[in-house]
Amino acid sequence: MTGDPNQERLAQLLARTALADRAAFEQLYTATRSKLFAVSLRIVRERFLAEEVLQDSFVSIWNHASEYARAKSAPLTWMTAIVRNRSLDVVRRTREEPDIDEALTLALVDEGAAPEREAVARSEAHHVRACLDELEPEQRQSIALAFFHGLSHSELAQHIGRPLGTVKTHIRRGLMRMRDCLARAAVTGE
Amino acid sequence: MTDMRRPNDELAHALAAEYVLGTLRGRARRRFEAMMAQDAPLAETVARWESWITPLGEKAAGVEPPARVWRAIEARISRGSPKRASTGSSLAFWRSWGLVSGGLAAVLLAFFVYLSTGPRGEPVFVAVLTSATSQPMGVVSMHSPNLLRVRVVRNWPSMRDKSLELWVVPEQGEPRSLGLVRNEPGDTLITIVPTDPRVKGAKALAISAEPRGGSPTRAPTGPMLCSGMIAPVRRPADKPI
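The listed protein sequences derive, respectively, from chains A and B.
Counting along the first sequence from 1, when you hit position 130 you're at 129 in numbering that gives the first Met the number 0, and nothing is skipped either side.
Counting along the second sequence from 1, when you hit position 130 you're at 129 in numbering that gives the first Met the number 0, and nothing is skipped either side.
If you are wondering where the hints come from, they were derived from the structure by calculation, not from laboratory data.
Quantities reported herein were computed from a predicted structural model and do not represent experimental measurements.
Watch out, some of these pointers could steer you wrong.
[To be verified] Simulated crosslink set (DMTMM-like; lysine to aspartate or glutamate; CA at most 25 Å straight-line):
#1 A:Lys167 to A:Asp179
#2 A:Lys34 to B:Glu9
#3 A:Lys71 to A:Glu135
#4 B:Lys202 to A:Asp88
#5 B:Lys202 to A:Glu51
#6 A:Lys71 to B:Asp160
#7 A:Lys167 to B:Glu9
#8 A:Lys34 to A:Asp88
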């Protein structure tokens, strides 16, 4: 658990939600709804679908809040994963031409220029960024597009204008390089 | 286990990463989820990738959803039967609470020291119980081997038909009741045997709102009002806490 007071507050609200505390659940919703709605909207791209995802996700959070204790991740990460998974379930049914926010995709790569306070405090996030920076630009771009916009392999191939096999290889090699880099960072410490 | 064999470490990482990234789709995604549900190390690998990748998006700008979303959520959770903390999940809950309250206990130690100075002398242990908004609500301390002092700092309004119940999370097993606490500023003294298995190795204490007279199920059923980690002040060899 990090010492981040926001995350600690969310963890406490989740703990109370596990005991069916409606007021805590509403506070949890209020504190996270705009971030989580944006996460879903980027992937499903239709507002009505994103609303459906947010609704389903929070009903799921209400029902499964007690399982958070075993998740060992930061509360917002746990909740975001629920929203992302639900969004990816929905987007399968209704994919049209991807509408890409290039600025956001670049931001994943470029954020070292303006480090935010909490990012610096959380060394793991710092390592992840440093390891992303080590990737080849095309690997990084493919990972960012998949992550932010929920693009599938074939949609990525279409968007980047590369063969499907090349895109798959970029992603897999990029992710494995990231893992090796993070493993090294964990060994050498801060 | 379905038709897929357990992947080796390299493949497990590759699949977990693509699952979290979202490029693992359709039937492959479903199949991977089924494997994950039965394979704890694989689920652990997924959790690691989630902790690496998922926070990357946290700084992206938010978008405010319309109010009807919350109304729909409220309607849906009201339709279900009233939720009770089952014994299994309540244990997980208390553990998680104990985990997150550690930092708070340290921060609030000064507050406790102020409150605990009294003729009884230095306590064996203390726990500052805070609300979800980090307000200190009570202090539990043990000043003699068999007496627990529960000091309520401020009372809870609108609790006329409720009782406050104090719970302890032992080293192993379910949360145990230590007794009822008066809902008014001041002390409630609870007699306790130091060798009581309820408090052996205990990590955290909490107060929940229960039906008048206490929980009917011997497990917490009502909303948790405040909780805190137990911080030993001194640790005599013959004291189990």
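Hints violated by the structure (listed by number, smallest first):
2, 3, 4, 5, 6
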